[in-house]
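Enquirer: In case you want the letters, here they are:
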Amino acid sequence: MVVVSASAEAPGARRAPVTAAQLHLTRRRFWNRAVWAGCVLALALVVTPVVWIVAGILAKALPHWHWGTLTTTSTANGGGLLNAVVGTFVIVGGVAVIGGAIGICGGIHLAEYTAEGKGGILRGASEVLSGVPSIVMGYVGYLALVVGLFKWGFSLAAALVVLSILVIPYITKSTEVAIRNVPTAYREGAEALGMRSGYALRKVVLRPALPGIATGVIVAMAIALGETAPLLYTAEWSNTLPKAQLTHSPVGYLTYPVYQVVNTTQPSVVQWAYSAALLLIVLVILLIVVARVIVSRTQRHAPERQHAAR
Amino acid sequence: MTRTIVGTGGRGDSPLPPVLDADETDEPESAPAFIESDRFGALAPEAPRPEELPPGSAASSAVFGPGGPRGPGGPEGPGGEGGPAVPAGEGARRGAWWRAERLMPRVMHGVAFIPLVALAFIVVALLIKALPAIRVNGFKFFTTSVWNQGNFYAPLTSTHGVPHPPGADYGALDLIVGTVESSFIALALAIPIGVGTALIVVEKLPQRLSNGVGFFLEVLAGIPSVIFGLWGYLTFGPWLSHHLAPIANRIPDVPVLRFFRGPTGGGQGLLTTSLILTLMILPILAATTRDLLRQVPRPTVEGAVALGMTDSESMRTVTLRWIRSGVIGASVLGLGRALGETMAVAMVSGVILGRTAPTIWSSMNTIAAAIVTQLDAAFTDASGFAVRTLAELAIVLFAITLVANIGARMLVRKVSGTALPVGRGV
Numbered sequence: 006m007v008v009v010s011a012s013a014e015a016p017g018a019r020r021a022p023v024t025a026a027q028l029h030l031t032r033r034r035f036w037n038r039a040v041w042a043g044c045v046l047a048l049a050l051v052v053t054p055v056v057w058i059v060a061g062i063l064a065k066a067l068p069h070w071h072w073g074t075l076t077t078t079s080t081a082n083g084g085g086l087l088n089a090v091v092g093t094f095v096i097v098g099g100v101a102v103i104g105g106a107i108g109i110c111g112g113i114h115l116a117e118y119t120a121e122g123k124g125g126i127l128r129g130a131s132e133v134l135s136g137v138p139s140i141v142m143g144y145v146g147y148l149a150l151v152v153g154l155f156k157w158g159f160s161l162a163a164a165l166v167v168l169s170i171l172v173i174p175y176i177t178k179s180t181e182v183a184i185r186n187v188p189t190a191y192r193e194g195a196e197a198l199g200m201r202s203g204y205a206l207r208k209v210v211l212r213p214a215l216p217g218i219a220t221g222v223i224v225a226m227a228i229a230l231g232e233t234a235p236l237l238y239t240a241e242w243s244n245t246l247p248k249a250q251l252t253h254s255p256v257g258y259l260t261y262p263v264y265q266v267v268n269t270t271q272p273s274v275v276q277w278a279y280s281a282a283l284l285l286i287v288l289v290i291l292l293i294v295v296a297r298v299i300v301s302r303t304q305r306h307a308p309e310r311q312h313a314a315r
Numbered sequence: 015m016t017r018t019i020v021g022t023g024g025r026g027d028s029p030l031p032p033v034l035d036a037d038e039t040d041e042p043e044s045a046p047a048f049i050e051s052d053r054f055g056a057l058a059p060e061a062p063r064p065e066e067l068p069p070g071s072a073a074s075s076a077v078f079g080p081g082g083p084r085g086p087g088g089p090e091g092p093g094g095e096g097g098p099a100v101p102a103g104e105g106a107r108r109g110a111w112w113r114a115e116r117l118m119p120r121v122m123h124g125v126a127f128i129p130l131v132a133l134a135f136i137v138v139a140l141l142i143k144a145l146p147a148i149r150v151n152g153f154k155f156f157t158t159s160v161w162n163q164g165n166f167y168a169p170l171t172s173t174h175g176v177p178h179p180p181g182a183d184y185g186a187l188d189l190i191v192g193t194v195e196s197s198f199i200a201l202a203l204a205i206p207i208g209v210g211t212a213l214i215v216v217e218k219l220p221q222r223l224s225n226g227v228g229f230f231l232e233v234l235a236g237i238p239s240v241i242f243g244l245w246g247y248l249t250f251g252p253w254l255s256h257h258l259a260p261i262a263n264r265i266p267d268v269p270v271l272r273f274f275r276g277p278t279g280g281g282q283g284l285l286t287t288s289l290i291l292t293l294m295i296l297p298i299l300a301a302t303t304r305d306l307l308r309q310v311p312r313p314t315v316e317g318a319v320a321l322g323m324t325d326s327e328s329m330r331t332v333t334l335r336w337i338r339s340g341v342i343g344a345s346v347l348g349l350g351r352a353l354g355e356t357m358a359v360a361m362v363s364g365v366i367l368g369r370t371a372p373t374i375w376s377s378m379n380t381i382a383a384a385i386v387t388q389l390d391a392a393f394t395d396a397s398g399f400a401v402r403t404l405a406e407l408a409i410v411l412f413a414i415t416l417v418a419n420i421g422a423r424m425l426v427r428k429v430s431g432t433a434l435p436v437g438r439g440v
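One line per chain: the protein sequences are A and B, in this order.
Number 305 in this note's numbering belongs to position 300 of the first sequence; there are no gaps in the numbering.
Number 440 in this note's numbering belongs to position 426 of the second sequence; there are no gaps in the numbering.
Calculated directly from the structure, the hints in this document are not laboratory data.
Quick caveat, the model's predicted, so the values are computed rather than measured.
Any given hint could be a false lead.
Claimed, not checked - Just a sample of chain B residues kept apart from chain A, beta carbon distances all over 12 Å, derived:
no., residue
1, 160
2, 163
3, 170
4, 173
5, 181
6, 268
7, 339
8, 353
9, 364
To be verified - Rough simulated footprint, nothing fancy, chain B against chain A, three-plus residues with beta-carbon under 8 Å:
no., segment
10, 79-87
11, 242-253
12, 275-288
What the hints assert, rightly or not - Calculated lysine to any residue pairs in the SDA-like style (CA-CA distance at most 25 Å, straight line):
no., chain 1, residue 1, chain 2, residue 2
13, A, 123, B, 127
14, B, 218, A, 37
15, B, 218, A, 42
16, A, 123, A, 207
17, B, 218, A, 50
18, A, 156, B, 194
19, B, 218, A, 53
20, B, 218, A, 32
21, A, 156, B, 142
22, B, 218, A, 35
23, A, 156, B, 394
24, A, 156, B, 229
25, B, 218, B, 229
26, B, 218, A, 41
27, B, 154, B, 194
28, A, 123, B, 116
29, A, 208, B, 114
30, B, 218, A, 33
31, A, 123, B, 115
32, A, 248, A, 85
Every residue gets a Cβ at the ideal spot worked out from N, C-alpha and C, and that includes glycine.
Isolated chain A (complex conformation) (with noise of 0.2 Å):
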C-alpha cells in the first residue's frame, strides 16, 4: 500500500486524462480496501456471536440465578445444580488424572523413545483416534462397557473410560509437542553432566516442557467439561449426589440439563438449563485464563521464543 500511495499524481496533474496505468493503479487501490474490509467483516463475524453466545447466556441466567442453586440437589423438574457440578468435578478430575497419566506417558514415549520418522502406526492411531466422532465412542462405550462385556450399568467409571480415550489423543499430541521443544543443548548439558536419562528427563527435558504439557492437560479438562454425547449412555443421569462406586451408579454432570431444553418448555427446567450452562461457561472461561496465564509466565522466560510472535 506505501508504494501505490507514494505514486500518487501530483496536486498538478489532476486535470491530465486518465491513463490506463492510473486506473489500473486506481483499481488495485480499491481492490486493496476491499479486501481488507472483507477481513474485518470477518473478524467481526468472529467476535459477534461470541459476545452474543456469552452475553445471551448471561442476559437469560442472571435475573434468575440464585445461590441456592449449588447448594441443592436436582428435582424431577429443575432444582438445584449440586449433584451436577459435583459429577462435572469428578468426572473432569478422573480423566485429567487418568487420561493425563496415560497421554503423558504416551507423549513422553513418541518424543524420547521414538525418532521422529518411526512409531508412525502409533501417532497414526493417535490421529484417528482424535477424529473420532464423541458419539461414536460414546455409543461404543455403551455397548461394551454399560451393556456388553463388562456390564458396569450406567457408571462413573464407563464416563471415565469413554472421555479419557477421547481426550488422550490431545495430551498425547501436546506433550509429545512440548518435550520436543525443547532445545537439544538441555540434553547434551544433562548427559555431559553424566545425568542418568531418567533423571534427565525428569529434571531437565521435562521442566521447559511442563507449560506445554499442562495446557494439553487443561485442553482436555475442557474438552472433558463441554462433552455430553458420550455422557448420556455411559454416566446417564442422577439426581442425587454421586455416590462412592465406580460401577452401577449414575452420575449426573453439568451438560445433561442444558440438553434437556429440547424435551421440555417448562419454565422452571428451562431456567435450570440456563444456570447450567452459566457455570458451564464460566468454568470454561477460567480454564482458559488459567492456560493463558501458563502460556504467558513461561513466554516471559523464555526470549528466544518472542521472535515467533508478531
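Based on the hints, put chain B in the right spot on chain A.
Expert: Leaving out everything else, chain B in the frame of chain A:
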C-alpha cells in the same frame, strides 16, 4: 492455547541425540561400583573384566579400546547384564526390572499403544454389533430414506437368520446427505471467515488486540456444544427465521433458488444447523491459519512488497500460497469435526427422519444426531435390531470422518511437510 498444540515445526525438531537411547540408561549409576572394585572397570564400566572373558573373544580386545562404554562389550555383551564381574548386590540393583530407570520406558511404551488398542476395539466392537444389520439392511441402506422400526407387537420375523420385528425398514440416505450437506455448507462459510480473521489478526492488528481476538477464538472453541445448541434453539434460530422470512418468501421459484425459498418455520433446520456448525469449526480454521501465517518468513513477504505489490496482492500471491496446504488440512479437520458434531445438531436441526431437506429452511438430521436421539427408541426393540442398525450408522459416520481425516493428512503431506494441529479447536 492453540499455539502450543499446533505445529511441530521449529528448532527443537532435530532427531534426538543418540545419548538418550533407552538401552544405555544405567551406565553412569554403575560406574562408581567399578571404581571401588576395579580400576579398569571405571574406564569401561559395562564390559567384563578381561580375566573372565574367553580367551581371544572379540570383547577382550575391545575392553580397553577407545570405544569405551559403547564398544562391542556394551550392555548386550557377555556379562553386561549382572554378569559375574559385578558384585551381586550391585547387579541386582542395576538389573532389577522394577527400577524406574528400566521400568518407565517400558511402561510408556506399553501405554503408547492404548490409542491403537482403543481404535481397534472401537472398530471391532462396532463391526461385531453391526454385521447382522449390515446383512439384513443390505445396499438399500445407502439408497433409501426411511426409518421404520417395525411392529414391536407382532412376533419376530427373521431375514438371513437375523431376527427383527416385521416391517423393520431402514435407509440412511437422508442422514448421510444431511451430514455431508450441513458440514460442507459450514466449511464453505468458515474458510473465508477464518482465513480473513487470521489475516487481519496477523497483518494489521497490534499485539495486544490480536491477543484479545485469540481469547475470543479460544472461548468460541471452548464453549460446549450443548450451549451452542441452547443458543441456536432458543435464540439464534428463532431470530434467523423471524428476520430472514421476508427475504425467503421473496426468492423466485426457479430451480436453484428454490432451495432457499419457503416458510422459515421455527428456526430449526438446515440453515441454522450449518451456521452453528460454522461457528463451531471457525476456531480451528482461524487459529491454525493464524499460527501458520506467523511462520511465513518475513523476507518473502517483504520481497513481494518491494516489487510494488499492494498488501492484498502480496497476501494472495505469497502469504496465502505459502500456507495453502496447512489451511487445506485445517479445513478438512474442521470438516471432520462438523461431520461428527452431535449435540448442537440434535438441538437445532429439528431431528426429522425419513426425508432429505427440500429447502434450506426445512428440518433435517445428521448421522450423529440420529444416533443420540434414536438410541432410547432403539432400546424398545426387543430383538435388538434397531441397536444393531444404529451401530451400522456409527460405522458409516466413522468411515466418513476417517476418510476426511486421512484425506487431510495425505493431502498435506503431499503438498508439504506442514504439521497439522490436532484438536477440537481449543
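Enquirer: Hint by hint, which ones does the structure fall short of?
Expert: Failing hints, ascending: 8, 9, 10, 11, 18 and 24.
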